[in-house]
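My request is simple: use the sequences and hints to build the entire structure.
Protein chains: 2
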Amino acid sequence: MIKIPTSTLKRLPQYLEVLRQLKRAGLKEVSATKISVFADVHPTLVRKDLSFANVETSPKSGYKVSELYAAIEKLLNWNDTSTSFLVGVGHLGSALLGYQEFNQKGLSIVAGFDNDPGLIGSVVHGVPVYSALDFTAMAIKDNIQIGIITVPPESAQLIADIMVHSGIRAIWNFTPHKIIVPPNIIVEYVDMFASLAVLSRRLAERE
Amino acid sequence: MIKIPTSTLKRLPQYLEVLRQLKRAGLKEVSATKISVFADVHPTLVRKDLSFANVETSPKSGYKVSELYAAIEKLLNWNDTSTSFLVGVGHLGSALLGYQEFNQKGLSIVAGFDNDPGLIGSVVHGVPVYSALDFTAMAIKDNIQIGIITVPPESAQLIADIMVHSGIRAIWNFTPHKIIVPPNIIVEYVDMFASLAVLSRRLAERE
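These protein sequences, in sequence, are chains V and Y.
Per the working numbering, the first sequence starts with residue 101, numbered consecutively.
Per the working numbering, the second sequence starts with residue 101, numbered consecutively.
Certain hints may be false.
Since copy identity is lost for identical chains, a pair holds within one copy or between any two.
[Claimed, not checked] Simulated pairs of lysine to aspartate or glutamate, EDC-like, Cα-Cα distance not exceeding 20 Å:
id, residue 1, residue 2
1, Lys128, Glu254
2, Lys103, Glu307
3, Lys278, Asp180
4, Lys241, Glu173
5, Lys278, Asp291
6, Lys123, Glu173
7, Lys110, Asp242
8, Lys164, Asp261
9, Lys123, Glu254
10, Lys241, Asp261
11, Lys110, Asp291
12, Lys110, Asp261
13, Lys110, Glu173
14, Lys128, Glu167
15, Lys123, Glu156
16, Lys148, Asp242
17, Lys160, Asp180
18, Lys160, Asp216
19, Lys278, Asp242
20, Lys278, Glu307
21, Lys174, Glu305
22, Lys123, Glu307
23, Lys148, Asp180
Hints listed in this document are in silico derivations from the structure and should not be mistaken for laboratory results.
This is the structure:
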């Protein structure tokens, strides 16, 4: 499978979102230029990104919306479902357990883990919560590949270590703590605070 | 106020996190090299980024942890509190209303807005929820500068329009929908799906 550049991968969901809205509006075909306008990405980049999808495009009518949508989903492996475990069922963790959007993006969170006795044994948005002590046994048994970390930042490394030890191959880290893992483990961050930092500073700069 | 590059701003919260953990461990001084290791950022970049903080550093003992922490907080305006309104009190919106971390980062979400009659009038994690119809009057009255969007993507543009109309100057958009606003409005995205796209693809590439 060819390696797609990270910058392209990060833009693909935007194109999907544009295509989804075009589909809802009943459009069957779309040009790269139109996608470029809606996604607010330079047309040259759009063409480069979409070339990975390997779908037909005509100079006259552009891409077929449904075909391009399906091709991008396939590139991201979002047409398939990966099961995952989440550790840290606080406010953010609970929200992610209930986040329906993930199911359309190939991610199914099948269990939550916490060390709060008040949470263990409960069901949050339809997902059962277990003791963090059971993580390893359950992850190995179910051959879970993706681990989601929503604990406080100071516990992130410990949870990452447990995940690696449990056969997890990709970690989605929602804490700002940089975790150290073996090079074969994939790590991605959702860094809200990086984004908030830009927002706060730009606002202050304009005052 | 000088304009700090976006790439630097995005790294500053990581340094804060490192410094917070050093403070907890009782350390008083730290070198740029040590920060570089913990934050997993190249030492040259660390030095460049920290130069914006304008604090003393000695070749022998490095930075004073508390002083550097306070200086970075000030750069980000996180020592001050900005009030904000959030629109869309679903799973994610509710989680953000309860997210204590924001208070330490200068952000106070003082009201939530939704169009669900079951939510209007309720209090979520201590924050009152109002009708979306009341947004403009309340935002103008309280001179709110920051608006947070956690509605479904197809409603993001409408909410952004209402926010701009209500005097909001910075929009924190948690949907993947690219919103179109006047150039004087600051927009930042928390794009979970961009991050999930990279994670999903990299995992598929290794299979």
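Checking Lys160 and Asp216: alpha-carbon separation at most 20 Å within a copy, between copies, both or neither? neither (60 Å within a copy, 44 Å between copies)
Go through the copies and call it for Lys103 and Glu307: within, between, both or neither, with a Cα cutoff of 20 Å. So Lys103 and Glu307 pass the 20 Å test across copies only (12 Å; inside, 44 Å).
Using 20 Å as the alpha carbon limit, work out where Lys160 and Asp180 are close: within a copy, between copies, both or neither. Neither. Shortest intra-copy (32 Å) and inter-copy (54 Å) distances fail the 20 Å Cα cut-off.
Measure nothing new, just compare the shortest in-copy and cross-copy C-alpha distances for Lys123 and Glu307 to 20 Å and report within, between, both or neither. neither (42 Å within a copy, 32 Å between copies)
Could you place Lys278 and Asp180 in one of the four classes (within, between, both, neither) given a Cα distance threshold of 20 Å? neither (29 Å within a copy, 26 Å between copies)
State whether the alpha carbon distance between Lys241 and Asp261 is at most 20 Å within one copy, between copies, both, or neither. Classified as within: same-chain Cα gap 18 Å, cross-chain 49 Å, threshold 20 Å.
Since the copies are identical, ignore which copy is meant and state whether Lys148 and Asp242 lie within 20 Å (CA to CA) inside a copy, between copies, both or neither. Classified as neither; 38 Å inside a copy, 46 Å across copies.
What label fits Lys128 with Glu254 when the C-alpha limit is 20 Å: within, between, both, or neither? The answer is between: 19 Å across copies meets 20 Å, while 49 Å in one copy does not.
Alpha-carbon proximity between Lys123 and Glu254, which holds within one copy, between copies, both or neither at 20 Å: between (44 Å within a copy, 12 Å between copies)
Homomeric proximity label, Lys278 with Asp242: Cα distance no greater than 20 Å: Neither, since 27 Å and 38 Å both go past 20 Å.
Could you place Lys123 and Glu173 in one of the four classes (within, between, both, neither) given a Cα distance threshold of 20 Å? Close inside one copy (15 Å), not across copies (45 Å); limit 20 Å.
Using 20 Å as the alpha-carbon threshold, which applies to Lys278 and Glu307: within, between, both, or neither? The answer is neither: 32 Å in one copy and 25 Å across copies each exceed 20 Å.
Hints 3, 4, 7, 8, 12, 16, 17, 18, 19, 20, 22 and 23 from the earlier list are contradicted by this structure; the remaining hints agree with it.
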